[in-house]
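Enquirer: Same order as they appear, the protein sequences are chains H and V. Heads up: the first sequence begins at 1 in this note's numbering, then just goes up one per residue. Heads up: the second sequence begins at 1 in this note's numbering, then just goes up one per residue.
To be clear, the hints were calculated from the coordinates, so they are not data collected in a lab. Just so you know, these numbers come straight off a predicted model, no measurement behind them. We put the CB at the ideal spot given by N, CA and C, even for glycine. Wrong hints could be hidden among the right ones.
Said to hold, decoys possible - To be clear about the criterion: a stretch of chain V counts as covered by chain H if any three or more of its residues have a C-beta under 8 Å from a C-beta of chain H, and this derived list gives those stretches:
(1) 173-180
(2) 213-220
(3) 367-377
What the hints assert, rightly or not - Calculated Cβ distances over 10 Å to all of chain V for the following chain H residues:
(4) 115
(5) 135
(6) 185
(7) 188
(8) 193
(9) 205
(10) 216
Each chain, written out:
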Amino acid sequence: MKLDAGRLGAVVRKEFRVLLRNRFIIGTMTVLPVIFLITPMLEIFRLSPDVPASIVLRFAGSTFLLLLVIPVVVPAAISAYSVVGEREQGTLEPLLTTPLRREELLLGKAVAAFVPSVAISYLLFALVIICAQLFASDPAVASALVQSSQLVGEFLFAPLLAGWSIWVGIAVSSRASDVRVAQQLGTLASLPPLVVVALIDLQVLTPSVTLAVAFALVLLVADVVMYRVVSAMFDRERLLTGTQARSRRSHTTVA
Amino acid sequence: MKTPPRSTGAPWFAKRQMGFGFRPATWQGWAVTVVALLLAIAVVIVSRSTKVGLVGLVGVVVVLAVYQLVAALLAGRIRTGPVQPQPEVSDRPARHTAVAPPSVAPVTAYVASRPGGNTPSSTADPPALEVSHLTKRFGERTAFEDVSFTIASGEVFGFLGPNGAGKTTMVRTLGTLIAPTSGTAVVAGIPLTPDNGTEIRQRISIMPENPGLYLRLTVIENLELFAGLYGLHDPRPRIDRALEAVNLGPRGRDLCGSLSKGLRQRVGLSRALLSDPEIMFLDEPTSGLDPVAAREVHDLINDLRRRGVTVFLTTHRLEEAERLCDRVAILNTRLRSVGRTEELRESLFSRALVVETATPLDAPDGVFNPSTGVDGWRSDDPTHYVLTIAEPRAAAPAVTRALVAAGADVISIGEARHSLEDVYLELIDEDPEAARP
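Looking at chain H on its own, in the form it has when it is part of the complex (with noise of 0.2 Å):
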């Protein structure tokens, strides 16, 4: 497969300055994660020097759960809206007549909601470390959230379930009808490997190296193998007729 950096570069830039000009994706991009940082942040004033070790530990995964809630949410609704949204304004069938292929079409819109969201959880991120250093009453918050091995997994995770929500959120895009459903929808399929951050959050599963090698690895798989499924299902024809190609070897499946 030949990518074309033009191409590519043209799509990202498109997209970047359509969300920069809509001011209600700015808000809810910002807002939400600002939201979900709320009781963490309260927390690391509340918690107090005499609280046990154990409730520290419990803080710091709960925080680092939301943490890497960010990176799920952020771009789902952006990559839900991205292929069915051009096909509502009536966008989508000029792009398609150009040279631009469909995995141009696609790694562009992938990156204009990757490098965003992974900003954000990194930023968020930064600004919960700097708090807790900074006014924690309790030191043992502030060494329990900087652990080498939080700091790790959330750099690690933050664009692995990033891209999974963002391949899954366009995936959305490419079937669904209508933009409501495929935000809809999007959301709550990106929502799966939370899970695992979860049950290690609740102890089910003990953190370690190797799990969380382990898990990257198969978030990294899962987000190659959804971007090869995405691009196999984004079929010009669907899309602009709303009937399938018969052919395997049509045009729509190919360029």
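Starting from the known structure of chain H, arrange chain V on it as the hints suggest.
Expert: Structure of chain V alone, referenced to chain H:
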């Protein structure tokens, strides 16, 4: 007409590569992958030994690698011999890398002249578009069936038909947006095959009926996107010229959402001009435009014709087609007729002279008879006569002399003109498909 190959003739496992970054598109490719992976899992489970499991996994990887290597070799991705030229892809001049003049060009200088421009090309030139027995069905519904026509390079070709006749589906099919059910086509010299989609779309442009603009972006931002998608280097001069061509230069920084429908239509047209296409498919380009703007679009199409660009125009405005098109095709699921407007008129209607006199003639049969070149006559009005004739230039003087000799006061005499609308209605009315509810 050359029949484009529907298949490369390569073995099934070479049609699509598989593995990392590969896509097995045939069911056999998937089967090989699944069986290999299942074998690996089975080996690991049965052996219950890490060493054996690892050996099994390595074995699977080797099998897949060999498979990919053989597939890539057969598909031509890895070449072991001299590279063979592929004329249908590589013979195009690198037009998009040309740097446009920095100044804003007038409308009449928009598109770079092509060799053999100005008029539809001679028969020696390859046609811009060849369609042979093309059919498209959506399940039980037939969009169009057994359609064949050829369009010369530089020709403005009108595609007419009632709503639901299959015009837009034809444009989408030739634009590689949807796949034909059967039949063949060659677009801009490239066979319409699955693997040629990107290459064909690089050489053509399509302006859909709905311009489909990003309303939150400015006009220039919209055009920048499409310039990027067509791989245009230094796009600003081209964008400026495209906007000037549709008289939208001063509105370049306006948000598309703030434009009227007519102005959006013009932006869509300027977008279609951006890539300097060999063939432009214009789907109702004057829809929603006021008469002045429509006239500007007509001028632009005439300019494109002079510059040698082939235009495929679908329209409901028959006078527009008659004025602009070298030839027209009338489609109603099946192709009803193709030809120059004059040819269609002559094939459908007998030629006639229309005579108007001040008072009714006493003996019309004595005046309108074979000796004056008249094959027959009818009168819808006592002073109004329609004469069926074979050759107007010969019959008109003879009829005039006969009328004068008969003492008739002639008010007018002239050849009856049938418009394209008459042709269209005649063809559509006699079509049993049109009678369907």
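Enquirer: Give me the numbers of the hints this structure contradicts, sorted from smallest to largest.
Expert: 3
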